[in-house]
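Chemist: As they're listed, the protein sequences go chains A and B. All residue numbers for the first sequence refer to full-length UniProt numbering, where the first residue is 1 and numbers rise by one. All residue numbers for the second sequence refer to full-length UniProt numbering, where the first residue is 1 and numbers rise by one.
One thing to keep in mind: the hints can contain errors.
[What the hints assert, rightly or not] DSS-like cross-link-like pairs, simulated, lysine-lysine; straight-line CA separation at most 25 Å:
1. B:K189 to A:K60
2. A:K59 to B:K551
3. B:K507 to A:K59
4. B:K211 to B:K524
5. B:K232 to B:K183
6. A:K86 to B:K173
7. B:K173 to A:K59
8. B:K524 to B:K418
[What the hints assert, rightly or not] One side of the interface only, derived from the structure: several residues of chain A facing chain B at Cβ under 8 Å:
9. L17
10. A21
11. Y45
12. S54
13. N61
14. F64
15. G88
16. P89
17. A92
18. S105
19. Q112
20. Q281
21. V282
22. G294
Derived from the structure by calculation, the hints contain no laboratory data. Glycine residues also receive a C-beta, built at the ideal position from the N, C-alpha and C atoms.
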Amino acid sequence: MTAYIIRRVIAAIVLLLVVSAVTFAIFFLVPRIAGQTTTQLATQYVGKDANPASIAAVKKNLGFDLPLYEQYWHFIKGIFAGAHYKFGPDAATCHRPCFGYSFKSHVEVWPQLKSRIPVTISLAIGAAVLWVVSGVAIGVVSALKRGSVIDRLSMGVALTGVSLPIFFTGQLLLALLSYQWGWWTNVHYVSITADPAQWAWNLILPWVSLAFLYSALYARLTRAGMLETMGEDYIRTARAKGLPERTVVLKHGLRSALTPIVTIFGLDFGLLIGGALLTEQVFSLQGIGNYAVGAVQDNDLPKILGVTLIAAFFIVVCNLLVDIVYAALDPRVRYS
Amino acid sequence: MNSRKATAALALVTALALGASACNGNSKNSSSSKPGSTGGSSSSATGKDAALNSIVNPSTKKGGTVTMEESDVPDSLDPGNTYYGWVQNFSRLYSRTLLTFKPAAGHDGLTVVPDLATGLGKASPDAKTWTYTLRSGVKFQDGTPVTSKDVKYAIERSNFAPEALSNGPTYFKAYLAGGDKYKGPYADKNPNGIASIATPDDHTIVFHLAKPFADFDYLATFSQTAPVEQSKDTGASYVNHIQSTGPYMFQSYQDGQGATLVRNPQWVASTDPIRKALPDKITIKFKVAATTVDDDLLADNITVDAAGTGVQPQTQPKLITQKQYADQSDDPYAGATSYMAINPNVAPFNNIHCREAVEWGVNKASVQQALGGAVHGDVASTLLPPSVNGYSKFDLFPSKGNAGDVSKAKAALAACGKPNGFSANITARTDRPTEVAAATAIQQALKPIGINLSIKTYPSGKYFSNFAGVPSYVHSHDLGLMLMAWGADWPTGYGFLDQIVDGSAIKPSGGNNLMELNDPTINKALSDAIANTDAAARTKAWGDIDKMVIKTATVVPLVYRKNLLYRPKSATNVTVTQAYLGMYDYTLIGSSK
Numbered sequence: 001m002t003a004y005i006i007r008r009v010i011a012a013i014v015l016l017l018v019v020s021a022v023t024f025a026i027f028f029l030v031p032r033i034a035g036q037t038t039t040q041l042a043t044q045y046v047g048k049d050a051n052p053a054s055i056a057a058v059k060k061n062l063g064f065d066l067p068l069y070e071q072y073w074h075f076i077k078g079i080f081a082g083a084h085y086k087f088g089p090d091a092a093t094c095h096r097p098c099f100g101y102s103f104k105s106h107v108e109v110w111p112q113l114k115s116r117i118p119v120t121i122s123l124a125i126g127a128a129v130l131w132v133v134s135g136v137a138i139g140v141v142s143a144l145k146r147g148s149v150i151d152r153l154s155m156g157v158a159l160t161g162v163s164l165p166i167f168f169t170g171q172l173l174l175a176l177l178s179y180q181w182g183w184w185t186n187v188h189y190v191s192i193t194a195d196p197a198q199w200a201w202n203l204i205l206p207w208v209s210l211a212f213l214y215s216a217l218y219a220r221l222t223r224a225g226m227l228e229t230m231g232e233d234y235i236r237t238a239r240a241k242g243l244p245e246r247t248v249v250l251k252h253g254l255r256s257a258l259t260p261i262v263t264i265f266g267l268d269f270g271l272l273i274g275g276a277l278l279t280e281q282v283f284s285l286q287g288i289g290n291y292a293v294g295a296v297q298d299n300d301l302p303k304i305l306g307v308t309l310i311a312a313f314f315i316v317v318c319n320l321l322v323d324i325v326y327a328a329l330d331p332r333v334r335y336s
Numbered sequence: 001m002n003s004r005k006a007t008a009a010l011a012l013v014t015a016l017a018l019g020a021s022a023c024n025g026n027s028k029n030s031s032s033s034k035p036g037s038t039g040g041s042s043s044s045a046t047g048k049d050a051a052l053n054s055i056v057n058p059s060t061k062k063g064g065t066v067t068m069e070e071s072d073v074p075d076s077l078d079p080g081n082t083y084y085g086w087v088q089n090f091s092r093l094y095s096r097t098l099l100t101f102k103p104a105a106g107h108d109g110l111t112v113v114p115d116l117a118t119g120l121g122k123a124s125p126d127a128k129t130w131t132y133t134l135r136s137g138v139k140f141q142d143g144t145p146v147t148s149k150d151v152k153y154a155i156e157r158s159n160f161a162p163e164a165l166s167n168g169p170t171y172f173k174a175y176l177a178g179g180d181k182y183k184g185p186y187a188d189k190n191p192n193g194i195a196s197i198a199t200p201d202d203h204t205i206v207f208h209l210a211k212p213f214a215d216f217d218y219l220a221t222f223s224q225t226a227p228v229e230q231s232k233d234t235g236a237s238y239v240n241h242i243q244s245t246g247p248y249m250f251q252s253y254q255d256g257q258g259a260t261l262v263r264n265p266q267w268v269a270s271t272d273p274i275r276k277a278l279p280d281k282i283t284i285k286f287k288v289a290a291t292t293v294d295d296d297l298l299a300d301n302i303t304v305d306a307a308g309t310g311v312q313p314q315t316q317p318k319l320i321t322q323k324q325y326a327d328q329s330d331d332p333y334a335g336a337t338s339y340m341a342i343n344p345n346v347a348p349f350n351n352i353h354c355r356e357a358v359e360w361g362v363n364k365a366s367v368q369q370a371l372g373g374a375v376h377g378d379v380a381s382t383l384l385p386p387s388v389n390g391y392s393k394f395d396l397f398p399s400k401g402n403a404g405d406v407s408k409a410k411a412a413l414a415a416c417g418k419p420n421g422f423s424a425n426i427t428a429r430t431d432r433p434t435e436v437a438a439a440t441a442i443q444q445a446l447k448p449i450g451i452n453l454s455i456k457t458y459p460s461g462k463y464f465s466n467f468a469g470v471p472s473y474v475h476s477h478d479l480g481l482m483l484m485a486w487g488a489d490w491p492t493g494y495g496f497l498d499q500i501v502d503g504s505a506i507k508p509s510g511g512n513n514l515m516e517l518n519d520p521t522i523n524k525a526l527s528d529a530i531a532n533t534d535a536a537a538r539t540k541a542w543g544d545i546d547k548m549v550i551k552t553a554t555v556v557p558l559v560y561r562k563n564l565l566y567r568p569k570s571a572t573n574v575t576v577t578q579a580y581l582g583m584y585d586y587t588l589i590g591s592s593k
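Isolated chain B, as found in the complex (with noise of 0.2 Å):
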């Protein structure tokens, strides 16, 4: 018997698991928050997007069960060693950071507030230097109490240990001095550690920059800054037994499988002005059929969708059409902006007249129905999203109905040398079924004025990597027109901005600066923001350059990204966090259940 029906169950395993490898997603750069126009209320507003700018359902009563699922599993759970912006957003649950995101609505919620430490970071006048003051009083759950030497070595691990935690940013590795050198706590047997982060007592750390930062404190509010003690750290597999420093550590955790979370008896609330900590437990399950996240929110079965990037399309009409649910739902900003990219290194785009064409020949509008719609996404103009600080609102091609100006794009065409139109490449990636539709929408908006597309697609898991990052591979198959979508790391101008148009972002692969844009000006403006401590100067800047870039007529904004979010009539204290890519705040939500 046997090895024929042997082999033919091996081809058969081994044929849906390559048929299910095609669902994999690259989450970073197409998920990623709606601005409150003013401060957040906590009264007890209802209706559809109740939560964008209130606290809905307030409530300050104990106990109850939070329940989330998640369709896919998260990079880590572990603080050090995740990317995900649900998981930055959850692990404040189960631990403390230097500084966090206040948890409130509408536009107060993209302020950092102390939570581990006493204040906002105290900066040298040059931005370079950076000292922080621990709270007294705060343990891990084991009793230890918590001290910079914790904090330091958690960012030692988090940041320089690729070998065992891959999945963070490397911010604090990029600023700090010395960081490119320094080989991590696990290769380096230094008992010191990084030179360039001081504990010169217990609750005091401070540290030592390469180069002017002003918004250090928004890396502060980094999940990699929560405290981890290095006698219980064991790599990779710390997440199996993570020490938490929140109101709630973990009862039980599976990996791809779940966690629950119950109070932990080490947390004081008088250390900890943040959370209010109202369930005894909450518990999230990985893995449930996206779908059946959706169906189990609408019949009230758990509080809240993790991932909190929305409702599935199938799901979507309902919260559209039906009144009791379009009440509950929320369509919050995401944080991301989605654009084309035109490189102005592939001809004939590097005349400045020819992208002129393409910025005033797009119909967004169609552009916005392609990518899903008014409830996706708002037409852009800009490309920092309104939910990020320094947005400046303006429009540089304008046209009416954002329908794209067909006298004014043969114009740009015939200044350009091109009266007759050209011809020219767009990528899109093949498994994104929204921005293939949107490559087809600037393909039909761009014919009538002669500009000719041919659509090119690429798989989303290696189209930085090996194909739209790659300028060599751009440069040689004529890839002139590429569309992506980009969320900021932190909600400030340079944290959206910094890995996307300046000219150290350009890299042999897996660059996200598609325009290639390496204009001095520009270069110079941003490092020039980001060594001012002038808050206000600085988020005026941001704008500033923002239109520089537009300017250059190298990005064409498409749509400023929405999420049709749904909150279940169980869930208390529901807002929406600017702060975290548009999802619900979970160090507020609570459950009546």
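This is chain A alone, in the form it adopts within the complex (with noise of 0.2 Å):
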């Protein structure tokens, strides 16, 4: 077990230096292909008065005249070991890990990603728990309740849920709750460490708008995974062996059912850390998502490699540890 977690964490460090290098070519090196000369890069940087020798400056600065590869390698470096810039009197400092430095707002891109992956955890987790928990019960209450009118009326809601995206829920919520009837006022995200009461109390319209869409997917992989499962010959055994139908429903069947729910469980979660971009958006949170839709804004491609490469990093590490829950859910799953 412990030699296979080392030999995936190493392809997880392999995959996120190839991810690096496929965004650091496609914001670096695109442009080239699609004729922008380093002189119209560097000329986005230099202000309204663009001269010859302000762009040549610019140019040296940010290492735009050096050859793709070593562009690449200071970049890496930079992860490890810091660098420098000079935008005035005093040379910059973008000290490690040095995801990059904002060429257009001159801050570092590190501690302004650290700072909002608080708010997007924040979202994250609470709006899955709402989810896993919701969903997950209602796609067993349904698969065992095939047909009845619970069942219809779950899955009835679960389309609905599918089918309305979050800008719709969380401005139907914000409209109605916020400033129709002001149960929630003014929400804003307020740090769990400053006050924990009203952490939870303004999260819960994101949370429930997000967990709303994904809840009633889950439902659905659940009632399809537990109908599937349940028919299965195992289950039958249980049962004929005496054990109590609770103990067969959840030991035997859930436990399997559960198995494709983990893998998308992670890869959701991992996205959803990388940036609910739309979630953020609708609640003007301040968390990667919103950062993200920023930094495009700008064309600021510092700010957009550095969050590209924190979502892939998410995502990588969310698969692995899906792949290490595995073998603890699933009996027949044995890592050697």
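Mind assembling these two chains? They're in different frames, but the hints should get you there.
Modeler: This is the structure we're talking about:
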């Protein structure tokens, strides 16, 4: 098991390197392929008084005149050793881990990402708990009461949930609960360390809107998985052995049906931590997704690069965790 | 696992990122104040448009928190690194400039008054030398007294160091003697800095200009004249620890997220006749969804929308149709004019009669509807909007109901030698649906007289740098008609016209003189007027030049733009300032909360 984890961790690191190289190439190589010169790249950071001298200075300062592999090496080196730039009287230092230095707003990308990660994680964890618990519970009940009113009703609600985009449910909740009835006024993120109760209260609306979408999906997945599993021979065997129904359903049925759910949960959760773009936009939460949108609007390549890497990192890590959880969840899976 | 999943995730992030980029806009040319017919008052006027000419909900009570939200992020809150109109207005809370605009209602708001300086600039007879005397007792938040050298340094860093501070305008660089040679305080290590700004003592600053410039007092209102201590300047990252000279200082600032301002203990009210400084605290949040900003305004959760460009289209009906909201709204001029440039270097517009056919044929009433209706602007007949000093009302191409005059248009076509009409192209910005709608309205209006237009659209981010602002591209692609909007960098005729009608504003790319107007008479009239120190004569000249431009039939003024603003009930001392693009005056505003 330990060897397996080490192998997976090494593979994850290699994967992150590949992702960083691909992302780097997308943002630095593709413009060149499309005919954009390094001078044009530099021009967008010069401002309104562009002249050949100032463009040349920016190009040199930002390293645009170096070969691409060297620029990539500087980027990777920055993560471990930090980097230095000059945008004024003193050299600006990008401390390690340097995930880039915004050439437009002149700030280090990593501290900005770091300050936003708690917002996105708060959003993702709360919503994940809600959707997993409610989704799986509804799925199990629907499967066990197949064809009943409960099954039809919950699957109908689930279908609605899957169909409604977050910017609709989110805006609806805000319009009714915040602006019409005033139950939640001026919803904004409060740090959990500053005021845990306010943290949770202000996050309820984003959690609910996000969880509504996902729990619907998980309910349908769980129902399908449970229906299939509960028809298996070993379930019949378990019942024949005289095991209580509760044990049959939870230990033998649900445990097996959960395997695909865990897989998709890993991916969904990783993606969400990488930036719940729409939810953060609707509720104006200053998280990773909101940061990504701003970075793209400003055409700020280092910020885009940083946020892409962080998003990829979370997805890789979540998938790694999923693979490890498999072993605990499914007795048929053993790593050697 | 996983390379597939990771790649898929990367692709998704990239796709979302690229999709979001389509929302990017260029605020400079689009944003951009209502004329008060008379001076303002501070009476407790209420109702719709009350803040246009009076101070609504007047208060002298100290305390409370002013809360602001902004759907985007500013270019920078560093007074030396910003071009945004709202930041120029907002930065007056924490920085004092040589001069500023009077915090007053109505037309009085366009008056330039001394701030750091004891009086307006003393100009030499040739308007090439300007001298200002600084007040005593003004200090930075760390207690260091402000000197003229700090003002000089602030101008040097903001105008001459594009490698670090690239966002702001560079008018000082353009007008100061030797401005084209000085390399800026970071590259040029000469401790004396630029020679054309003299600081004979700690309270005197003298500007020596390369050419006469009678509007210099307006440049002295720019946030770039807010003093900066050289020892505290860290270039681009100075925005993280701005040293205040105003009534408020930064308690916190987070790039891309917002800031909190609290009282600056070193600010002394007796040195500052401009600011009331009523609230104890000012908070501003960036990147709040635009509709949430509106909802928060209507729910009285916040005091003001910092951007000051008006509510979103989906909020607008509430403000127009529901009395409780309508009474709290103001619809001021935004200091900008939407117009159509006609390029006389693209046939058949090289013939003035063909240009006049377009001038007579355009149905401005339908264009006004396309641009959002009366709430978003009045039909224009001049380039200068009514909120700019020098505006003079005239209409050289009048028509009933502003619907165009078909018979005069046809007569002009005949005079042009094309009685059956012709085909031409009209450009608009792809990502500005109302501009595209305006192009369509013009297309429909000109069709009956035989002028068939093809609409060409280009992304706003590259409209001036790659397409409409590039004469060679315009000529080779026969772009005869081009839609654009323009707002002044300072509210005078010169501040408005210089960059769009002077021959020197024709550039190989990125120019704003889309008419490629290089008329020696107009160029001379501009340079003569800006050299004239007689303010009244100068103001009259702007209106005359405006008329000279319209007579060339190279510009079809379409709409004087307006912004529909909302003031929550908790907001006190609310008035529209015409000096800052028709938004509320942030030095005055307070909150009962």
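Chemist: Is the Cα-Cα distance between K524 of chain B and K418 of chain B 25 Å or less?
Modeler: Measuring from Cα to Cα gives roughly 34 Å; hence the hint is violated.
Chemist: What's the verdict on K232 of chain B and K183 of chain B, does the C-alpha distance respect the 25 Å limit or exceed it?
Modeler: This hinted pair holds, its Cα atoms lying about 20 Å apart.
Chemist: How about A92 of chain A: closest beta carbon in chain B under 8 Å, or not?
Modeler: Check passed: Cβ of A92 of chain A comes within 6 Å of chain B, closer than 8 Å.
Chemist: Under 8 Å is the threshold here; is the Cβ of F64 of chain A close enough to any Cβ of chain B for the hint to stand?
Modeler: violated (13 Å)
Chemist: Can the restraint linking K189 of chain B and K60 of chain A be considered satisfied, given a maximum Cα separation of 25 Å?
Modeler: holds (20 Å)
Chemist: Within a Cα-Cα threshold of 25 Å, do K507 of chain B and K59 of chain A meet the stated pairing?
Modeler: holds (23 Å)
Chemist: For the hint on A21 of chain A, just tell me whether its beta-carbon gets within less than 8 Å of chain B.
Modeler: violated (11 Å)
Chemist: Take the shortest C-beta to C-beta distance between S105 of chain A and chain B; is it under 8 Å?
Modeler: Since the shortest Cβ distance to chain B is 5 Å, the answer is holds.
Chemist: How about N61 of chain A: closest beta carbon in chain B under 8 Å, or not?
Modeler: holds (7 Å)
Chemist: Hint validation: Q112 of chain A versus chain B, beta carbon distance must be below 8 Å. Holds or violated?
Modeler: holds (6 Å)
Chemist: Given G294 of chain A as an interface hint, is its Cβ closer than 8 Å to any Cβ of chain B?
Modeler: holds (6 Å)
Chemist: Check whether the Cα positions of K211 of chain B and K524 of chain B lie no farther apart than 25 Å.
Modeler: Satisfied, since the Cα-Cα distance of roughly 14 Å is no more than 25 Å.
The structure does not agree with the numbered hints 2, 8, 9, 10 and 14 stated previously, though it agrees with the rest.
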